[in-house]
Amino acid sequence: MRLLEKVFLKSLWVFHLATGSCNNCDIEILDCLTPRHDIERFGMLLTGSIKHADVLMVTGAVNRQCIPRIKRVYEQMPKPRLVVAIGECALSRGVFMQSYNCPMPLDHVIPVDVYIPGCPPRPEAIMAGLLKLIERRKENRAETGRENDSR
Amino acid sequence: MTYLLYVFLLGFLLTAVIGFLASWFDRKLTARLQYRIGPPLLQPLYDFLKLLEKETLIPKASSQFTFVSAPLVGLISAITVSAILWASNMDPQKTFIGDLIVVIYLFLVPSISIVLGGFASGNPLASLGASRELKLLLSYELPFILAILVAVIKSDFSLRLGEILLAQAKNGMVAVSWSGGLAMLIAVICMQGKLALVPFDTPEAETEIAHGVMIEYSGALLAAYHLMKNMMLFALPFFIIIVYLGGLKVKGLPLLYGMLEYVGLVAFLTLIRNTNPRFRTEQVLKFFWGPVTMLAAVAVGLALGDY
Numbered sequence: 001m002r003l004l005e006k007v008f009l010k011s012l013w014v015f016h017l018a019t020g021s022c023n024n025c026d027i028e029i030l031d032c033l034t035p036r037h038d039i040e041r042f043g044m045l046l047t048g049s050i051k052h053a054d055v056l057m058v059t060g061a062v063n064r065q066c067i068p069r070i071k072r073v074y075e076q077m078p079k080p081r082l083v084v085a086i087g088e089c090a091l092s093r094g095v096f097m098q099s100y101n102c103p104m105p106l107d108h109v110i111p112v113d114v115y116i117p118g119c120p121p122r123p124e125a126i127m128a129g130l131l132k133l134i135e136r137r138k139e140n141r142a143e144t145g146r147e148n149d150s151r
Numbered sequence: 001m002t003y004l005l006y007v008f009l010l011g012f013l014l015t016a017v018i019g020f021l022a023s024w025f026d027r028k029l030t031a032r033l034q035y036r037i038g039p040p041l042l043q044p045l046y047d048f049l050k051l052l053e054k055e056t057l058i059p060k061a062s063s064q065f066t067f068v069s070a071p072l073v074g075l076i077s078a079i080t081v082s083a084i085l086w087a088s089n090m091d092p093q094k095t096f097i098g099d100l101i102v103v104i105y106l107f108l109v110p111s112i113s114i115v116l117g118g119f120a121s122g123n124p125l126a127s128l129g130a131s132r133e134l135k136l137l138l139s140y141e142l143p144f145i146l147a148i149l150v151a152v153i154k155s156d157f158s159l160r161l162g163e164i165l166l167a168q169a170k171n172g173m174v175a176v177s178w179s180g181g182l183a184m185l186i187a188v189i190c191m192q193g194k195l196a197l198v199p200f201d202t203p204e205a206e207t208e209i210a211h212g213v214m215i216e217y218s219g220a221l222l223a224a225y226h227l228m229k230n231m232m233l234f235a236l237p238f239f240i241i242i243v244y245l246g247g248l249k250v251k252g253l254p255l256l257y258g259m260l261e262y263v264g265l266v267a268f269l270t271l272i273r274n275t276n277p278r279f280r281t282e283q284v285l286k287f288f289w290g291p292v293t294m295l296a297a298v299a300v301g302l303a304l305g306d307y
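Protein chains in written order, with this note's numbering: chain W, 1 to 151; chain A, 1 to 307.
Hints in this document: simulated from the structure, not taken from any laboratory. None of these values were measured; they are calculated from a predicted model. Treat the hints loosely; a few may be bogus.
What the hints assert, rightly or not - Below, in silico cross-link-like pairs of lysine-lysine (PhoX-like), each with a Cα-Cα straight-line distance of 25 angstroms or less:
#1 W:Lys10 / A:Lys28
#2 A:Lys60 / W:Lys71
#3 W:Lys79 / W:Lys6
#4 A:Lys229 / W:Lys10
#5 W:Lys79 / A:Lys251
#6 A:Lys251 / A:Lys28
#7 A:Lys229 / A:Lys170
#8 W:Lys10 / W:Lys138
#9 A:Lys60 / W:Lys6
#10 A:Lys170 / A:Lys60
#11 A:Lys135 / A:Lys28
#12 A:Lys94 / A:Lys251
Unchecked claim - Between beta-carbon pairs, the in silico distance windows are:
#13 W:Ala128 / A:Pro40: 38 to 46 angstroms
#14 A:Gly264 / W:Ser92: 24 to 32 angstroms
#15 W:Pro103 / A:Pro124: 26 to 34 angstroms
#16 W:Pro68 / A:Thr66: 29 to 37 angstroms
#17 A:Leu14 / W:Ala125: 40 to 48 angstroms
#18 A:Glu206 / W:Pro68: 19 to 27 angstroms
#19 A:Ile58 / W:Ser92: 35 to 43 angstroms
#20 W:Glu135 / A:Leu253: 43 to 51 angstroms
#21 A:Ile58 / W:Ile27: 29 to 37 angstroms
#22 A:Phe8 / W:Glu135: 51 to 59 angstroms
#23 A:Gln34 / W:Ala125: 16 to 24 angstroms
Built from N, CA and C at the ideal position, the CB exists for glycine as well.
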């Protein structure tokens, strides 16, 4: 299983889900694919189907209409799966904290592995977050000596 | 023993390894063309192993038997066709009569397996992609067969791959003549369609129908499709090398030429892929049945007139 975990971290395919964001974080995610940043050199690809994805990137304040849909998308992801919350809205609802339409932050809906703050976060920050996620999974394995919980 | 050698070692293992390398070359060249760095050498292998490890989901709305068996049928036919190609390349004397027709049929099966898998998955976008794949299949098959007919005419109306190879060893490559060069160009364009690469990637079209036929596949079944596509990325250019460029010699300096021919063909596919926008479905049909078929007919006429 050790080899497979290593391979998993070398080919993370990301799926991008916008849950009522202002599109700024989404543009920064697309920036990660441009020649200047190029996440394909870490083996990451942007996929169009959730069933191919390993990482779910969520942007935006989670509004009431989106909550059941986020759950459905998350349940359709094949295991092992990782979730990354991108931007202030996904982390803590940002300026929509008091809004009638945003009852809870993202990590009350689905488990989140990495939080990337910023409004919007720079592409460098998103890449650093993804690489930290990879590092942490490697360290977890080294410390406990067993598999990570593959949710 | 011979079967084991051709089917398992050459047909499966070597083809898969070269297919993975070709897939990496394609992605790396794409990245360099866009001033990116691109993936590491073993990236296609990592992707394949990762997909094998992941959970395989089978949708409730799908027709389960077809959904599971379609990628396996495609993979097996890809292995069989590359085994036949290797066998006729290694030993041109020993091939059977009509193996050219078998090879044309087996090249169809992966596309048909994609169609079956798309329709079986019970997703509207996948059905749309499958019907587009079917239209693509109807478009490119006519000029492809006409282009192969040129090589058949050049080798005295023989339907054996071995005799086409032997005729080329005697009279020089098919591609050097006027009709042969034209036919090879047409076959390369049809190969682009068979591999469903841009500009003919209507069945997958990530930006409009989200991977289309592949949308419901995950885990090991998706890995089977990826392996099949990588193997076809070797088998189809290999077929063109056999039919038009006199085959792959396995000893000494000619091996280098053979490899250069193969790398050149893959690089040409990648260049077309990166410099063209996607056709609409009816544009694909018009393109293949209009100018391409006409050119193919001209090539057949030239071949009959011994040019």
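Going through the hints against the structure:
A hinted pair counts as satisfied when its Cα atoms are at most 25 angstroms apart, and W:Lys10 with A:Lys28 qualifies at roughly 16 angstroms. With a C-alpha separation of about 18 angstroms, the suggested pair A:Lys60 and W:Lys71 falls inside the 25 angstroms cut-off, and the hint holds. Restraint check for W:Lys79 and W:Lys6: satisfied, since their Cα atoms lie roughly 15 angstroms apart, inside the 25 angstroms limit. Of the supplied pair hints, the one linking A:Lys229 and W:Lys10 holds, its CA atoms being roughly 21 angstroms apart against a limit of 25 angstroms.
Between W:Lys79 and A:Lys251 the alpha-carbon distance is near 47 angstroms, which puts this suggested pair outside the 25 angstroms criterion. Of the pairs offered as hints, the one joining A:Lys251 and A:Lys28 is violated, with about 29 angstroms between alpha carbons and a cut-off of 25 angstroms exceeded. A C-alpha spacing of about 34 angstroms is found between A:Lys229 and A:Lys170, which places the hinted pair above 25 angstroms, so the restraint is violated. Using a Cα cut-off of 25 angstroms, the hinted pair W:Lys10 and W:Lys138 holds, with the two alpha carbons roughly 11 angstroms apart.
The hinted pair formed by A:Lys60 and W:Lys6 fails the criterion: a straight-line CA distance of about 32 angstroms is larger than 25 angstroms. For the hint linking A:Lys170 to A:Lys60, the alpha-carbon distance of about 58 angstroms lies beyond 25 angstroms, and the restraint is violated. Annotation: proposed proximity of A:Lys135 to A:Lys28 is violated, straight-line Cα distance about 30 angstroms (limit 25 angstroms). With a CA separation close to 19 angstroms, the supplied pair A:Lys94 and A:Lys251 stays within the 25 angstroms bound.
Here the CB-CB span from W:Ala128 to A:Pro40 is close to 20 angstroms, at odds with the stated 38 to 46 angstroms. In this structure the supplied range 24 to 32 angstroms is violated for A:Gly264 paired with W:Ser92, their Cβ-Cβ distance being about 55 angstroms. Between W:Pro103 and A:Pro124 the beta carbons are some 32 angstroms apart, a value that agrees with the proposed interval 26 to 34 angstroms. Hint check: W:Pro68 to A:Thr66, Cβ distance near 31 angstroms, so the stated range 29 to 37 angstroms holds.
One distance hint, 40 to 48 angstroms for the beta-carbon pair A:Leu14 and W:Ala125, holds here, with the actual separation near 44 angstroms. Distance hint check: the CB atoms of A:Glu206 and W:Pro68 are about 26 angstroms apart, consistent with the given range 19 to 27 angstroms. For A:Ile58 and W:Ser92, the Cβ-Cβ distance of about 38 angstroms falls inside the hinted range of 35 to 43 angstroms, so the restraint holds. Take W:Glu135 and A:Leu253: their Cβ atoms lie about 48 angstroms apart, and the range 43 to 51 angstroms holds.
Distance hint for A:Ile58 and W:Ile27: a CB-CB separation of about 36 angstroms, consistent with the stated range 29 to 37 angstroms. Judged by the Cβ atoms, the range 51 to 59 angstroms given for A:Phe8 and W:Glu135 is violated: they are separated by roughly 40 angstroms. For A:Gln34 and W:Ala125, the hinted distance range of 16 to 24 angstroms is satisfied, since their beta carbons lie about 23 angstroms from each other.
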